[in-house]
Every structure is written in structure tokens, then in C-alpha cells.
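The opening position of the sequence shown corresponds to residue 1 in the working numbering, with each subsequent residue numbered one higher.
Since the hints were made in silico from the structure, they are not lab data. Hints are not guaranteed to be accurate.
Claimed, not checked - Quick list of simulated restraints, FRET-style, between CB atoms:
no.	residue 1	residue 2	range
1	P186	E86	21 to 31 Å
2	R290	G250	49 to 59 Å
3	G30	T179	41 to 51 Å
4	H206	G30	44 to 54 Å
5	P186	R302	37 to 47 Å
6	D58	A133	20 to 30 Å
7	R125	E86	39 to 49 Å
8	R184	D22	25 to 35 Å
9	S181	R317	27 to 37 Å
No residue lacks a Cβ here, since even glycine has one placed at the ideal position from N, Cα and C.
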Amino acid sequence: MARFSYHRPETPDAALASLAADHAVALGGGTDVLLTMREQLIRAEHLVDLRGLPGARDISARDDGSVRLGGAVRIADLASHPMIRERFAALAEAAHSVGTPALRNMGTIAGNLCQRPRCWYFRRRTACLKNGAGGCPAVEGESQYHAILDAGPCHAVHPSDPAVALVALEATAEIVAGTGSRRRVPIAELHRDAASNPLGETVLAHGEMIDAIELPASSAGGTQRYAKLMQRGAWDFALVSLAATRRADGQVRLVLGGVGPRPHRVNLSVEEDVASGALDEESVDALAERALHDAKPLSKNRYKVRLAATLLKDAMRELSRL
């Protein structure tokens, strides 16, 4: 691993000043950043540890009923926090499904959202879009774990479990830059260019950082589930996952993971039909087929369409009965 300097700023201004340096990289738990450095996938001359910033590890309720998650909140804390488990169960379940206990106790929510794909072509520095070349070898090669939706030219899937739940919960990232500017980006838009951006998967510019995640009060409660299908029984990335919610106002959200370069929210018309309730089996089958109408599997990952349909049908049956 190449030499680097380590910074642990105590104020946001100091953190942003450090991140503005050439080849500076934000550090949370380090579970992905250090690995990508060792694999020479990123050039990091300055590691900026954000865990010591004020409020970075806080989970706090606001007067309007929303909840703020500091960017350095650990994945394990999201999985176990009583308020998250009670009000945002899909997020708690998604956090609990991440990796191993050791990884959950190290990894942070911002780091998890910003992690790089686990695509074997990218990780082995095979010529591909993410490694500075054009195209994606998975199109003609081994594609078992690649995307079936929203893909191209890159077909790698995003590995984050919490991102899928956060999209279903309509969460927002609070992003700050060295100029002192602050912007809010829906998690649904955070990875919008993941399939086409050769330099990364998020909309963060150099020198920016995720300061916090906001969970809106309107998404709290109701019925929430997170389901994850894996090749192994545990401690693995999702082949396909699903965050399914029925809010207190009756609105339904269905978001798939493991199927695209970013979390894939199902067509609004499908969600509305599920929310209407009392679906028979024929309707459930038709809605699942409609939800996956745009799927374009590669030669070796058509099975993901069947897995996604299974998760969707189970969720539709449950949510339509409420």
C-alpha cells in the first residue's frame, strides 16, 4: 500500500479543508477505503477521518418528527437503536444484514453509501469503464452477480443494503462542501450516475462529504420489511434484496437492491395498485411481471429476475392485506 498521511479533524471547517487537498479521501470505518487502497483502485495520499466531528455519531430525533443520522453513525448502531427499530424497521433490518458483526461495528452509514462496487472485473483491474477503459466485460463474460435493471455502460451492482431501505424511506443526504455550501440530495438520486460515471458511483464532488442523513417523519412507522437473498446463508452481499413499506397514510414503497448500479424503485403505478389492497394471486403475478418489465438480464443472471419476482410477490401479498 502506498504511503499516506492521516488527519482526524475536530471541526467541519478543518475536515473540509483537509478534503480539499489533492487525492484526499474521506475515512469512516475504513472497511472499504483501505481495501480499495490496497488493491490500488484509488489514489489516497491523505485520509481524513470524519468520526471525530461534532454530531457525526449521533442519532437524534427532531421536533418535526424527522430523525438525523450523523454520517459516522455505525451500521451496528442503526441495527440496534431502539428508535430506529421501532420507527424505521426497514433500515434497522437492512443494517443488521450488512456483512459480519465486525464489519457492522466498524462501518459507518456514509461510508456504506459511498463504497465501491464488488464487481470482480473492477476489483481485479480488468479493462472496464470504472478502470479507465470503455465498456463492461460482463456483457460478454461472467455476469452472475451483475445488473438486470438500469445498467449500461457499467453493469456492476451497488453493494449497499442500507441504501435500498433509505430510498424506500425517502431519506435525504445532507452534503457539505469546502465553500461552506450545503445541499440536500435524496438518497434515490445519490447514485444516479453510477452506471455511467467512470470515477465513482455517487454525485459527491471532490472535497464534499456526507454530513448527515435525514429520515422524514412521514416515513416513520406503518409496515416495513427488508428481505435479502444471498448465495450464502449470511455475511454476504445481496443477490437480490427488497425494502417494502406501507406508510401510515397507506402509500406503498417497493425498492429492489442487488439488481442495478443503484437501488431500483418499482414503477409508481405498481405501488399504487398494491396500496389499493385485496390482491388475488393473478393480480400479484401480473404486478410482479409489470414491475420487472424493463429487466434486461445478461447471459448468466436471468435467475435474478425470478428472485426479484419472488420477493416482490411476497411483499405485495403482505402489504395488500393491510
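* Asked: Quick one: are H206 and G30 within 44 to 54 Å, going by C-beta?
  -> violated (19 Å)
* Is it true that D58 and A133 lie within 20 to 30 Å of each other by Cβ? -> Taking Cβ atoms as reference, D58 and A133 lie about 42 Å apart, which means the hint is violated.
* Asked: Could one say that the CB atoms of P186 and R302 fall in the range 37 to 47 Å?
  -> For R302 against P186, whose Cβ atoms are near 31 Å apart, the range 37 to 47 Å is violated.
* Asked: Should the hint that R125 and E86 are 39 to 49 Å apart at their CB atoms be regarded as holding?
  -> holds (44 Å)
* Taking the beta carbons of R184 and D22, is their distance inside 25 to 35 Å? -> 27 Å Cβ-Cβ, so the 25 to 35 Å window holds.
* How does the Cβ-Cβ distance of G30 and T179 compare with 41 to 51 Å: does it lie in that range? -> violated (27 Å)
* To do: May I ask you to test the hint 49 to 59 Å on the CB atoms belonging to R290 and G250?
  => Check failed, 20 Å falls outside 49 to 59 Å.
* Asked: Does the Cβ pair P186, E86 satisfy 21 to 31 Å?
  -> holds (24 Å)
* Asked: Taking the CB of S181 and the CB of R317, does the distance hold inside 27 to 37 Å?
  -> violated (46 Å)
Hints 2, 3, 4, 5, 6 and 9 from the earlier list are contradicted by this structure; the remaining hints agree with it.
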